[in-house]
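Please build the complex by placing chains B and C on the supplied structure of chain A, with the hints as guidance.
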Amino acid sequence: MSLKESMIRGRLRCRSIVSGGISALDHGRLATCPGIPTEARLQEGPVAVIECAEEIPCNPCEMACARGAIRVGHPITNLPVLDTLLCIGCGECIADCPGLAIFVVDASQDARDVVTLPYEMLPVPCPKDVVALVDRRGEIVGSGRVTHVRSSTKTDRTAIITVTVRKGLGMSVRSIDPPGQRCA
Amino acid sequence: MRQLVTEVLVIGAGPAGLSAARSAAGQGADVVLADSNRLSGGQLLKQTHKFFGSTRHGAGMRGMDLARKLTTESEREGVRLLLGVSAVGRFAEGVVLKDGQDRLVLAKAQRYVIAVGASERGIAFPGWTLPGVMTAGAAQTFVNLHRVSIGDHVLVVGSGNVGLLLAYHLRQAGSDVVGIAEARREITGWAVHASKIRRLGIPVFTGVAIEGARGQDRVSEVTFRSSHRRWGGTCRLNVPADAVCLAVGLSPRTQLLQQIGCELAFSAVLGGTVPVHDRCMQTTLPGWYVAGDAAGVEEATVAMEEGQLAGLSAAHGLGYGSSRSYERKKAEILVSLDELRAGPLGGDRKAAKEELCLSRSR
Amino acid sequence: MDSPVGRRILQHPILGSLPEVPVCHIAVDGKWIPAREGEPILAALLAAGVIVVRTTGRYGAPRGLFCGIGHCSDCLVTVDGQRNVPACGTLVRNGMRVETLRSA
Numbered sequence: 001m002s003l004k005e006s007m008i009r010g011r012l013r014c015r016s017i018v019s020g021g022i023s024a025l026d027h028g029r030l031a032t033c034p035g036i037p038t039e040a041r042l043q044e045g046p047v048a049v050i051e052c053a054e055e056i057p058c059n060p061c062e063m064a065c066a067r068g069a070i071r072v073g074h075p076i077t078n079l080p081v082l083d084t085l086l087c088i089g090c091g092e093c094i095a096d097c098p099g100l101a102i103f104v105v106d107a108s109q110d111a112r113d114v115v116t117l118p119y120e121m122l123p124v125p126c127p128k129d130v131v132a133l134v135d136r137r138g139e140i141v142g143s144g145r146v147t148h149v150r151s152s153t154k155t156d157r158t159a160i161i162t163v164t165v166r167k168g169l170g171m172s173v174r175s176i177d178p179p180g181q182r183c184a
Numbered sequence: 001m002r003q004l005v006t007e008v009l010v011i012g013a014g015p016a017g018l019s020a021a022r023s024a025a026g027q028g029a030d031v032v033l034a035d036s037n038r039l040s041g042g043q044l045l046k047q048t049h050k051f052f053g054s055t056r057h058g059a060g061m062r063g064m065d066l067a068r069k070l071t072t073e074s075e076r077e078g079v080r081l082l083l084g085v086s087a088v089g090r091f092a093e094g095v096v097l098k099d100g101q102d103r104l105v106l107a108k109a110q111r112y113v114i115a116v117g118a119s120e121r122g123i124a125f126p127g128w129t130l131p132g133v134m135t136a137g138a139a140q141t142f143v144n145l146h147r148v149s150i151g152d153h154v155l156v157v158g159s160g161n162v163g164l165l166l167a168y169h170l171r172q173a174g175s176d177v178v179g180i181a182e183a184r185r186e187i188t189g190w191a192v193h194a195s196k197i198r199r200l201g202i203p204v205f206t207g208v209a210i211e212g213a214r215g216q217d218r219v220s221e222v223t224f225r226s227s228h229r230r231w232g233g234t235c236r237l238n239v240p241a242d243a244v245c246l247a248v249g250l251s252p253r254t255q256l257l258q259q260i261g262c263e264l265a266f267s268a269v270l271g272g273t274v275p276v277h278d279r280c281m282q283t284t285l286p287g288w289y290v291a292g293d294a295a296g297v298e299e300a301t302v303a304m305e306e307g308q309l310a311g312l313s314a315a316h317g318l319g320y321g322s323s324r325s326y327e328r329k330k331a332e333i334l335v336s337l338d339e340l341r342a343g344p345l346g347g348d349r350k351a352a353k354e355e356l357c358l359s360r361s362r
Numbered sequence: 001m002d003s004p005v006g007r008r009i010l011q012h013p014i015l016g017s018l019p020e021v022p023v024c025h026i027a028v029d030g031k032w033i034p035a036r037e038g039e040p041i042l043a044a045l046l047a048a049g050v051i052v053v054r055t056t057g058r059y060g061a062p063r064g065l066f067c068g069i070g071h072c073s074d075c076l077v078t079v080d081g082q083r084n085v086p087a088c089g090t091l092v093r094n095g096m097r098v099e100t101l102r103s104a
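Residue numbers (our numbering), protein chains in the order written: chain A, 1 to 184; chain B, 1 to 362; chain C, 1 to 104.
Worth flagging that the hints you see were computed from the coordinates, not collected in a lab. Some clues are possibly wrong.
[Claimed, not checked] Example chain C residues on the side facing chain A (calculated, C-beta under 8 Å, incomplete):
# : residue
1 : P13
2 : S17
3 : V21
[As the list claims (entries may be wrong)] Pair ranges (Cβ atoms, derived):
# : chain 1 : residue 1 : chain 2 : residue 2 : range
4 : B       : K69       : A       : S151      : 15 to 25 Å
5 : C       : E20       : B       : M1        : 19 to 29 Å
6 : A       : T32       : B       : A209      : 33 to 43 Å
7 : B       : K69       : C       : T56       : 42 to 52 Å
8 : A       : V81       : B       : S325      : 47 to 57 Å
9 : C       : P34       : B       : F91       : 39 to 49 Å
Here a beta-carbon is modelled for each residue, glycine too, at the ideal position from N, C-alpha and C.
Here chain A stands alone, though its shape is the one from the complex (with noise of 0.2 Å):
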């Protein structure tokens, strides 16, 4: 049995032993945020979202945009607001995050959504591999096309991958299982 499946197990008999915490930001209270888009804005294209929620000193976000998008002001503990009007979905922001908190969802298309997205992790994959899509409280979701996968100076390490999803997850899917990790 393994470790996760014996952990199961111990569910039948404790209510929940993982907590619900932070944990995550799940849908609800990410809603509020004022660096998240709106539905409907989410549904003309690209646009990035920003997923901090609680106010600790930080702000590399502001000067990340070169459209200017992003304000945070001071006390450098505000959430960040995004003006989505502005923002165009480029992900240039995405790198800048220190707590990797900023994704980019393109919502617009009929037969998919897309999302680009932060990660640290090896393997890295490659374009047009498939992935699991993994959510914010690390459950898969489905599996994915990797389309794109960015690595620059500029991203400092951070990979920048680009992976197409089933209609409807692109606001679920927040990081991914390369190849040969977890069983989709």
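Then chains B and C, alone, in the frame of chain A:
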């Protein structure tokens, strides 16, 4: 005994000490910076993740790169860096230092900055002495600095920022993190760090106590116990693990501070016994300053600002820098420190620091 | 008795490939193990799978890496006949003879 004469002696070359040395030297003072480690940078050296704060704190830079940047800047200002050198104590003649060959040096300075940081706490439970049970810092040192794995199935104890980041580092190093055990009912670290590790599928067990660790020559299993109602009554869980990393808090290192005889106070929020100091970072012993985690456990950004302030104040006390320029820079730093302690997460620390400074002026 | 062979982290997403440095050899309880120049004894021990660094005097309880910075005394070894040397803070040297079980 060899002698060393300088104007400002900074003890500890982590973010606080490096910043203090750089700013004092930048004002024109002669500065010596000593650290017992072979490399400067303190805790920054083991941090592979990008740091927070703003551009003035090097936000976005990875810890180890920030360590290098601060060191380069200090050396550029003419700071004399002594590595592998630790402070033995303060005597009537000066501060005695000891180098890597156990040779003693008598250092005479006019101003001193103590930036020795904090040490990790441990918790004891049956089996805690087994090989494989270690502190979070030990795990980070061996994994990130020496590039050796400390275990294949690691349990992290403590869900503060140190524990959350350690879990992330361990996964990057190829270890499986079986989970994070937290005694409180909520994850105690920042949501953003917790999000990163939850996405990796690392479970966080809240409301649990470690009942014990078992193993032959190394730990192989840990038992949790919880009576939290979420668990439906007292419940035990046996978790296989070949390493257990304790990330259960830090306490300021006060040995030198106690020895010099400055006033100390207790602050649970700041990590335990802390030196009373004023807003310029001077302790109750004139000419002796403190900065960074030794003055209260906070963030690296705070350490850098406090260090800068201590260095500026020490140099200004020696006549370097005009009063106008000093007051302006001091004001900037105090505003920045306020910002770093703003928000609901910094409020406790802000209040604790204010209380410390208030007691100083009594 | 000891755990399976330890592991050097050869690839790392941030730190990159393990840099090449000269390799030397140290003897641990009579057995030669490879070590990387500039690393502490304890790193070479862990990489070779030697997890028990000493045993306590009274109960013979196994001890190993705990604090990693020379404060706790759990990693004291005998080096070239000298007792109570902290393995976490002492660098390897080619030909060094380390004894793990007879110290402190």
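Do the hints match the structure? See the list:
{"no.": "1", "hint": "P13", "verdict": "holds, 5 Å"}
{"no.": "2", "hint": "S17", "verdict": "violated, 11 Å"}
{"no.": "3", "hint": "V21", "verdict": "violated, 21 Å"}
{"no.": "4", "hint": "B:K69 x A:S151: 15 to 25 Å", "verdict": "holds, 22 Å"}
{"no.": "5", "hint": "C:E20 x B:M1: 19 to 29 Å", "verdict": "violated, 41 Å"}
{"no.": "6", "hint": "A:T32 x B:A209: 33 to 43 Å", "verdict": "holds, 34 Å"}
{"no.": "7", "hint": "B:K69 x C:T56: 42 to 52 Å", "verdict": "holds, 43 Å"}
{"no.": "8", "hint": "A:V81 x B:S325: 47 to 57 Å", "verdict": "violated, 35 Å"}
{"no.": "9", "hint": "C:P34 x B:F91: 39 to 49 Å", "verdict": "holds, 45 Å"}
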